Amino acid sequence: MIFRSLTGTIAAALLCVVGTSTIAQDADQDGIWQLEEFTCRELLMRGGDERDFILVYMHGLMSGKMGEMTFDTPALTAATDAVLESCIGTPDQPLLSAFEAARG
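Sequential numbering of the sequence shown, starting at 12, is according to this note's numbering.
If you're looking for bench data, these hints aren't it; they were derived computationally from the structure.
Quantities reported herein were computed from a predicted structural model and do not represent experimental measurements.
Label-pair restraints from in silico Cβ distances:
no.: 1; residue 1: ILE43; residue 2: PRO85; range: 29 to 35 Å
no.: 2; residue 1: ASP63; residue 2: ILE43; range: 19 to 25 Å
no.: 3; residue 1: MET77; residue 2: GLN104; range: 15 to 21 Å
no.: 4; residue 1: ALA86; residue 2: ARG62; range: 16 to 22 Å
For every residue, glycine included, the Cβ atom is placed at its ideal position computed from N, Cα and C.
Please model the entire structure based on the sequences and the hints provided.
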């Protein structure tokens, strides 16, 4: 049941990206952004579907880097909370660094 709900959430987040060209754009407005340069402030300035998509994407990236093949909902929820808390406290840090600290 949780898997079906999660699958729907991820699919909805991906559809938002396809339909929205403003998500995570760089200064040139070309839709390409560098993970190393994307800051916590940029995440916090986005809301709703944009923020959700970025969080889902970053969790997927980290899970891939770590070779994880399971989806531990409580652990990912705790990691998301840790990332957001870190970002609020240090908004100029790279978002990737916040995720590495929370998921590492």
